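Asker: The task is to assemble the complex, starting from two chains supplied on their own in separate frames and drawing on the hints.
Note that the protein sequences, when read in sequence, are chains B and C.
Residue numbers for the first sequence follow the numbering used here, so the first one is 81 and each next one is one higher.
Residue numbers for the second sequence follow the numbering used here, so the first one is 11 and each next one is one higher.
Treat the hints as calculated values from the structure; they're not laboratory data.
Don't take each hint at face value.
[Claimed, not checked] Reference listing, derived: stretches of chain B covered by chain C, where coverage requires no fewer than 3 residues with Cβ under 8 Å from a Cβ of chain C:
#, stretch
1, 94 to 106
2, 122 to 135
3, 226 to 236
4, 272 to 286
In this text the structure is predicted, and so the values were computed from the model without any measurement.
Cβ atoms here follow ideal geometry from the backbone N, Cα and C, with glycine treated the same way.
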Amino acid sequence: MLVLALDTATPASVAAVAEVTDDGMRGLAERRTVDPRAHGELLAPQISATLDEAGVRLREVGAIVAGLGPGPFTGLRVGLVTAAAIGQALRLPTYGVCTLDALGRTAGPGRVLVATDARRREVYVATYQDGVRVGEPDVCRPAEVRVDADRAVGEGAIRYSEVFGLPIDERVQFPPGAALVALAADRIRAGAPGEPLTPLYLRHPDAVASASRKHVLQ
Amino acid sequence: MPDEPLVLGIETSCDETGVGVVRGHTLLADALASSVDQHARFGGVVPEVASRAHLEAMVPTMQRALDEAGVTLADVDAIAVTAGPGLAGALLVGVAAAKGYALAADKPVYGVNHLAAHVAVDTLEHGPLPEPAVALLVSGGHSSLLRVDDLTAGVTPLGATIDDAAGEAFDKVARLLGMGFPGGPAIDRAARDGDAGAIAFPRGLTAPKDLAAHRFDFSFSGLKTAVARWVEARERAGEPVPVSDVAAAFQDAVCDVLTAKAIDACRTHGVRTLVIGGGVAANSRLRVLAEQRAAKAGIRVRVPRPGLCTDNGAMVAALGSRLVAAGVAASPLDLPADSAMSLTTVAVAG
Ligand SMILES: [Zn+2]
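Excised from the complex, chain C in its bound form (with noise of 0.2 Å):
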């Protein structure tokens, strides 16, 4: 349809510079400059190292955007851009550019929340998102349950982390089993050949008394330390550590724990639709537990795939065009970036 918003989307929420274009719910562009291996060294993401990455990399990032989608910025309806939450020196890089861009080329610009963000990228592969709807996000900078009622609206959160995010444990044990950063691949490829039950790691805020209190909340850091304290009463006692079957029981339990609040958050709130996003959803046995679990409560997955699940500009573009869609306002010139941005701020207000 050629009345279907054209938005250009931005972000540099953490170590990846994208920006994609998006017409309706389809995607046109999807260009990505990551800074991944100039933190590997350092065993997570240093901010100063991304923020200098961003700067450098928005220019010829936006003209392959631009090229791939065979748009120029004057064609464009408006540009959206993650305003948080996020790192954020790294959040003022794209949200600068985006001014810039938008003053250049006299467009609206949307100061968009990155959680929201990569929710609203599920409909370039599965077309409207049938709401209420309840997301699952998973990262190694987030890990929360959100009811989606109008993604355009406002999102309610349920639960999320009380420690560390999911994608951090996996960054943690993978250094602990000597893999490289980031550790989610490393683990996924490690646990295809380990036993899943070798193991009994514990699941954090799953007993009576913490559900009460955390019904829809997760914890890691428990997890975590737990794997630590057996991976080295192995090597105090001087036996070989099974990589494969840590790797293995350690992604069981956190999978576990993720996909069984999130079919009970479904459950308890007449949900029968979850979308997994996230640098986390690309792990294998999360896909296939979430899956099982689902059709057993008659409740329908839906996963983009792993390219759209990890940050990228599509998904900023695709909750922009949802919101000019919408007739949502746009923000103001004065938009700051907010590293601790609130999930019932879709778009910052006009």
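The shape of chain B in the complex, shown without the other chains (with noise of 0.2 Å):
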């Protein structure tokens, strides 16, 4: 079955096609462009391009993979959203997976500290036996990570490198679309119902209630 990857939980702006078969997958395409701020602007013209490069048509797809993160909220919705729509539109279930589980992954095998940047001097963290993650994702700040890895990976790992303290694997910043479309092959195999992709946000929105009235006279 062919299947529609996206992720925008980091900088990149992650879309990818591949083809997940009964004992296995293999990639077709894949982009990925970086810049935290665009992408809203970059992620539908990269979908079409990934679709032409590996010469499919979004009708042909079968499944939709998406990463809920965590991530900056405004970034990450972009991809939620618009995997949503395409989802809703040609009836194709959607699958969410953990945006750090697809870094860990990656990672291979050992333990692995995996950070990515949730800005505001925070990172959004989670440790990784052998590519499987060990207990639930985080945010706070570098010095409160509690490390227990030999090598960390993530842009967020690279940006606070010394904080953590760890060899760093800079080949693996950015989620792959592959891994991605690796984390929901079973389900995808399975024919298992699709799921709504509720962000990952850890965070409360930054609001507080109305204090009582200010006072305009002396």
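Answerer: Here it is as structure tokens:
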């Protein structure tokens, strides 16, 4: 089955087309553009270009996989609403996967810290053992991360490398489309029902209930 | 007419997720999901709360609109979406969704101006707009006077608020008087039992020296402060605050300036049609005063029903329908959301 994968939870806009078979999968095309402020502009043309490169028409796709984050909210929503809209229009199942899991899976064997940039001097983090997540993803200041790993990946790990004090694998910065698809491959093969794409925000909106009114008379 | 364009419109510039379907000038569906209740305790729209709500509401609101209209995405000729102005993060949800639907259904997408859409929606009730027209758009987010010569080509801004939007002033005064959010309907209700002449509140930018530089501009910040001072002075003196009178006098001050300047704009530009839109257009005093003054000046007032004055998807679809009918080129797929989109842009060019 042909699968479209999208992720906008990091500064990269990722679009990929892969084929999932009974016993494996193969990537057909993948495009990635790194610009933290341009997901909204870049993603749709990139989907189009990736499909063209793969020689696939959107109506031939059978499932959509989207990175649910965690990631900076405004960009994250672009990928999710795009995936949801395409899924609704073509009546395709949509599957959400954790963006950090795609990085952790790509990082390979060993104990690995995955960190992406959460802005405001914070990182989204999770620890992986042989590509499988240990515990829940979190958001916190780099200094607050409980480091229990041999190396680190992700653009957050590069940015705060001095704080983590771990060797960095700089080849793994953004979630590869193939890893996103691989994380959902079992569900795709089983023909599992799709799910609403609910973002992993991990933070509450900044909003303060309005205080009592200000006085104007001195 | 079967050859009239069938257009889907998506609106997410503030706290309403709207999807509308229009064929020509005919409204087929207007589905809406509002996050207004989630903002009430903050006394104003919280952008991140609004953006989250748009993402959750997009798919179900789209489904309701398509079902209500009895059409599928494959049937539509184009998808229009508010590209600006508005809250950046909120706009982006609608724009990205529109592109997703456009890609999937292989349809052209039009990124349109929210204010021009407020004008276009009136055609759904009152038919083609006689041009040139003057439009007064008043809501919690905007207070603008525009000249419309050709809605599909561009709109000329004549004036706008230099501080608070009119609807914002209603919200702030309502809070001052212990009423809920949004404040417009609450003030309107309270004002019915009040005496508008009981208190003389200031009319911003109406003095001769202000008119020289700001003939068609508005200012509501001074009025809001004047109301606050008046109410506080009463409270300090231990006297009860006549809430209805304050509401009526405040509402009258706002509507007096809005209608006086709108009629002046029509006269100055030799225009005989005034369109009023935006949430504040639902205000009963504004409607009455506009009718009275326009009648005297020989001007026809067009105000859509309240449900079409506030933000919705139908207005975006209505403008999209005009653009398709006029043969305007669609927007490119890298169309950005533009929170400060200029009025001279009705649709983002391809
Ligand atoms: Zn509006």
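Asker: For every hint, state whether the structure bears it out.
Answerer: Okay, the hints, checked on the actual structure:
1. 94 to 106: violated (count 0)
2. 122 to 135: holds (count 6)
3. 226 to 236: violated (count 0)
4. 272 to 286: This one holds; 5 residues, not fewer than the three required, reach chain C with a Cβ under 8 Å.
When the structure is compared with the earlier hints, violations turn up for hints 1 and 3 and for no others.
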